[in-house]
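Produce the entire structure from the sequences given, and follow the hints as far as they go.
There are 4 protein chains.
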Amino acid sequence: MLMTNGSLPRANATPSDSRTLAAAFERVRADSERICAPLEIEDYGIQTMADVSPPKWHLAHTSWFFETFLLKPYLGGYREFHPLYAHLFNSYYETAGTYHPRPERGLLARPTVEQVYAYRAHIDEHMLRLLTQSEAGDAQAVAYRATLGMHHEQQHQELLLTDIKHIFAYNPLRPAYMPEALPVSVDASDPPLHFIGVEGGVKQIGSEGAGFAYDNETPCHRVYVDDFRLGSRLITNGEYRAFIEDGGYSQPQWWLSDAWKTVQVQQWQAPLYWEPRDGEWWQMTLRGMSRVDDDAPVCHVSYYEADAFARWAGKRLPTEAEWEIVAAQLPVTGNLRERGALAPQRAQNEQRWQQIYGDVWEWTQSPYAAYPGYRPLEGTLGEYNGKFMSSQMVLRGGSCVTPPDHIRATYRNFFYPGDRWQFSGIRLAEDGL
Amino acid sequence: MLMTNGSLPRANATPSDSRTLAAAFERVRADSERICAPLEIEDYGIQTMADVSPPKWHLAHTSWFFETFLLKPYLGGYREFHPLYAHLFNSYYETAGTYHPRPERGLLARPTVEQVYAYRAHIDEHMLRLLTQSEAGDAQAVAYRATLGMHHEQQHQELLLTDIKHIFAYNPLRPAYMPEALPVSVDASDPPLHFIGVEGGVKQIGSEGAGFAYDNETPCHRVYVDDFRLGSRLITNGEYRAFIEDGGYSQPQWWLSDAWKTVQVQQWQAPLYWEPRDGEWWQMTLRGMSRVDDDAPVCHVSYYEADAFARWAGKRLPTEAEWEIVAAQLPVTGNLRERGALAPQRAQNEQRWQQIYGDVWEWTQSPYAAYPGYRPLEGTLGEYNGKFMSSQMVLRGGSCVTPPDHIRATYRNFFYPGDRWQFSGIRLAEDGL
Amino acid sequence: MLMTNGSLPRANATPSDSRTLAAAFERVRADSERICAPLEIEDYGIQTMADVSPPKWHLAHTSWFFETFLLKPYLGGYREFHPLYAHLFNSYYETAGTYHPRPERGLLARPTVEQVYAYRAHIDEHMLRLLTQSEAGDAQAVAYRATLGMHHEQQHQELLLTDIKHIFAYNPLRPAYMPEALPVSVDASDPPLHFIGVEGGVKQIGSEGAGFAYDNETPCHRVYVDDFRLGSRLITNGEYRAFIEDGGYSQPQWWLSDAWKTVQVQQWQAPLYWEPRDGEWWQMTLRGMSRVDDDAPVCHVSYYEADAFARWAGKRLPTEAEWEIVAAQLPVTGNLRERGALAPQRAQNEQRWQQIYGDVWEWTQSPYAAYPGYRPLEGTLGEYNGKFMSSQMVLRGGSCVTPPDHIRATYRNFFYPGDRWQFSGIRLAEDGL
Amino acid sequence: MLMTNGSLPRANATPSDSRTLAAAFERVRADSERICAPLEIEDYGIQTMADVSPPKWHLAHTSWFFETFLLKPYLGGYREFHPLYAHLFNSYYETAGTYHPRPERGLLARPTVEQVYAYRAHIDEHMLRLLTQSEAGDAQAVAYRATLGMHHEQQHQELLLTDIKHIFAYNPLRPAYMPEALPVSVDASDPPLHFIGVEGGVKQIGSEGAGFAYDNETPCHRVYVDDFRLGSRLITNGEYRAFIEDGGYSQPQWWLSDAWKTVQVQQWQAPLYWEPRDGEWWQMTLRGMSRVDDDAPVCHVSYYEADAFARWAGKRLPTEAEWEIVAAQLPVTGNLRERGALAPQRAQNEQRWQQIYGDVWEWTQSPYAAYPGYRPLEGTLGEYNGKFMSSQMVLRGGSCVTPPDHIRATYRNFFYPGDRWQFSGIRLAEDGL
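Chains as they are written, first to last, in our numbering: chain A, 1 to 433; chain B, 1 to 433; chain C, 1 to 433; chain D, 1 to 433.
Please note: incorrect hints may appear among the correct ones.
Derived pair list, reagent style EDC-like, types lysine to aspartate or glutamate, alpha-carbon separation capped at 20 Å [as the list claims (entries may be wrong)]: (1) K261/A / E199/B; (2) K203/C / D227/D; (3) K203/D / D226/D; (4) K315/D / E199/C; (5) K203/D / E199/C.
Please keep in mind that the hints were generated in silico from the structure rather than gathered at the bench. Computed from a prediction, not measured in an experiment: that's the story for all the values here.
Here's what the structure looks like:
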């Protein structure tokens, strides 16, 4: 089994039990290393594009996060592991000091993988000390930041898997991260897509503060939503292939202006990782190359493609409010990371919405913006989410590489509309009841 | 007097009088040429950056619009003026055929200015024939498209002035478009900025269809808005200078992530067109170089700068809904183009909101997106607005170079968050009542 | 008649007659303006690539040369025409002050064409005063620099024609600089190419100082040359077409490494200005589009193409020493500018070398480097030639747009190996006798 | 001891003894691996700029060379190690098939270092079989190509060391390749630089074919050379520092035009690897950071810098003919790789020329071009040297990382004039006797 199965305690600002927190910390930290276990040392240092970070960088950066925001301010007498690591492993916190240029993370031969693991061990040891003996006055802040750090590390666990996929897909040898092929369910065909109506009105979205949430999910606030109908399942490879075969990638009328430029400059002809072989579409997966399964959800499409597909299909993408209104009614289960598939899987034959959680992140038509009354965290941690609120789009629901205790109805992921290397896909919506 | 003073008839889809339409057409067309009257032939062909178009291109493109969407489909027996002009003067309508690359519009020595004016005369002559004799069945479509074409030309009139300003500001000789200096009002100081509260709730925004509106202003729809307070006037140069002098351009904490990259790459230190001279700030205007007037509204700032300024000031930018709720209550008057200032001017000492219309376009915090239920126009004209709905921000209210019959409360302008060459400025807002 | 026919007095450092010098000056200056006579004002400001300068810039820059190197230092009481023109019209003389960025010469709306002609008139008036009344002590320096300035202006006359061709060829309307078609000689076929042997040994090349020469042609010096055979005439379009049709542009074995990269990145398939139309090759000329004449010399090929063609043909390009040894024996006549063809023309049926002067500049295999003992001119004028001695190749013999009193056996022209917009072509050579 | 000390048998096209050849092969192959011995696995995959190749790529590419040019054509029944390695490890041989893009060599996680060593072992085993049992008819070709392959691998050994230096210097941790500091000789001061005259005339340069030589060293041919004087030793850091301190990097008059652009764009202020620390210059070396030794030869300067320095010093760089005429008289000894310094060292107090071989490659003023009568090797191997004969400059004499049996008086190295990452330095010359 690739990843641990236990769930992350819904840690929040008032942890009743520091041992629970410490146990969760150890589990999350171990998960990152388990994800890297199949890698060769050579795989750890590669950066195949500016958006990708080398696996060893993820491992070190998540440790730097704990060192910077917990150990230095809260663990008395703590001395940093290495004076230059703050520069090397700060990602983008401008107010925390200088940082190594992002597109050049793959040029760092050193520290070695062994040294990075030693850094992790050093951080783990001190974090456990801090979590179990933090002083009364700091306990709440430490618990909150530790929880934030664990969620942060879980985000990087997802990035580890998306980046490893990119690194392996780039390589002409097409190495497999997992050797075993994915068992395909025997169900002959995909359940028909239908649209389920939801009555509009003034609704409430955003986090109410019961469990952990990022600042960008707050405050819980009212929105006015018209009646809408949300697709019962994700769009499949087969449905998307019809768009391709209808000439979708060569007809400007389906595409936003920026999208059409991207299609032409990048010469897109299909989702990322698809390759034609002998008249059939194949795709790179974490298990190596495999034939595209028409009944599985389409994945690795950009917002531009999701939006163009929706227009071609005579539908539209949902807003994030519409999505959340539906998702809030549904249990957080699905093809998430702990299932071990690490690839989106076919829908079941059900009456209600499915695949809401897991499988693929669902592009919404909502630009990533501040909720009314939004306040970022204080200080440097305020750079975590708030400063990205321009030119990106919101995605919802998690994917097949998202830890199950990391996702929730209010969770807002965001990427640029041309990004495709995430496990991102399409759910359609339409107006009316 | 630079521009005609008459107002554009609120032409809509059912023109009772074709002569009114023809008169409006002639006036709008004449305005474009009046704007260009002070230019030398050499000024007509320059493109100082990809966003700028040479004046002669604007003159020809607006003519192509009428030729393509009215004369060819509706004027029987019409023959195009030149077989290559469609390629040269199509701006971005992918479904209307090929077009000359946008960044290379300034490389076209020919057609000459004289030939472009001949093209305009040819279009005018045939348009007047069409407007006064269009067949019964087409009358409504012709009236609608002619009105759209006039609004389109008015948009380009504004662009003509912003682009001429850029062309002249680039030139080390700093030529003046208008020779006379702008009279500065004698009022010693600027009225204090205060914030006026508006009660929230379910509100209605968007065009109800009474007068002309672009497709992107429709449909009229409900939104939920919290209580808010909107600034009584625009932010002044003096207020913005305090941000500069406080180190605003060198402190990352005020800036969005994309913004901070832009500040560094473009080496921004002040609004566009500001230059330090002997310890004072000067700026390029359409009347040549002049000292920055601390009491006039700040202009030529990007969304990034507006947003950073708001954060530094402890406020925020308004949403487009908030702005429209206020603007809908106010008359459409202000320092618009017909006043002839062609530069933003000082606020008056008033109790209510002022400078809502005119002076500078006001950046809102709203990304440019489709209204719920939005439907673009049919066919190629659907490319007019809809395909730009990604990565841009909404601006509201018109500027000192906007024709007064071109602006309205529901009008949505949009530019990329880093754009600065428009007459764009800042109005602040805050939460609560 | 396009250009004056008189020859430039072989002005040198000891002019016996200042009136001769003044007359030559007037003639050269008038030639530049005559070249521009067919232009529209719109044509004067265009820069279609970084290497091209707008015609009005050439007109102003050549005037700046006289102002900077003659009027300011030698004409007592001279006041510069405009304080910013030195910045605008200095080309690349680093030690003469700042200069406007080269790729942005086409962004300057002002000064207008009329102002540039006024600048020229101002310079002419003062230059004539200087030439006829320069003080005894300065006479020699003035005569030398004035002569240099005239040769400089003649170089720019050639550039004017090459740049106008580029500007017109870029334009989709393909305007003609001269309306009349070029009369094609009736001779049925091209004389056969043969190679004429020259005995090797220690030879002397470079200028002996009898007439005017640039510094880079000096000193006259000895070189050792093996026996060689030089082609009797230029390579024709028909011969070059055989290379194209043999797949030359898609076979890497003929190309230098840098050349092959250029072929792929620039997607070269034929010489510059060639276009396929209905299965035939057409080309842009100064007289508009015309069918490629198989019997005329190939033109607008880069060094990369000339070198690849030679390799494909089993020959090589000559060295500049080989070329000069032959050229020094031949009279300076040929299809030069005064003939008015402004396009390369067919060879005659002769026994000896022909087309050595005129038609096209001939690429040699010699990199542009200093002759042994070379000394650049003193001061800023030392930047004229010497600082370009890296990464460029030598061309010899002048072209159909070279003034006849501007070319000589020792003349060294130089361009980067990928440049194609000059009138440059191919003469082959081989080893042995 | 880092490298083996034995000398490479001057293998040529008629090897009397296949065992000598096999022994040389084994030694050369072992040297490459010995060079990599101090590396961590993480160091093997890094490419810090397009010119640098990852160490594992060098190891594999040199093996591919033997596989492609020897094993496949000459070893009966040989099967390639992996079907994709030809694509991955072909460097630039267009006629040998496709190849991985050069700037992306550092993005290849796989094959692993272990797999690359397995590839090497496979090649070694089969090469030894071929060398000891090649059939009579092929023996001469095999011997020649094997020798070529060994020299090829030695070139890559030098590149391994220059590239490792670049990879380590890039890293903010500044790791040392060799831990021990370089012992500095006790000699107080540097011997004075003097210039030693050589009489000119018709001379002979190029390889006469006695030992191995690359095709670009042939044919031996006559050149005419004027009297010249060649500097007795290399230019030192101290002498170069005087140029820096005199403002050399900010005064355009010393620099070629292309050079000055490079200085400004790259913001050069000193040789590559120099860093100011507390008012002193330090530099990165293969032994980590050390203070710049004023008495050691300046290193890691481009042609542009060497040429500018020479102009500033009132001298010039030698031509390659001048250099070779002197070098041919001197024994091939010096601070070469086998000495183990791996850094240039101080000159001795001698009367004659010194440091001709080793220490640093010496930039000449000669562009890299074909010798008269030059013929590249037949077939794909003709791409080895000939296709680079444009825009590069010749360097002579080898460096402190050149194997001693790899250098000779006729050896022509070549790099672009802006390249600085090689161990390249300066020797001056002047005219006269």
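For which of the previously enumerated hints does the structure constitute a violation, in increasing order of number?
1 and 4
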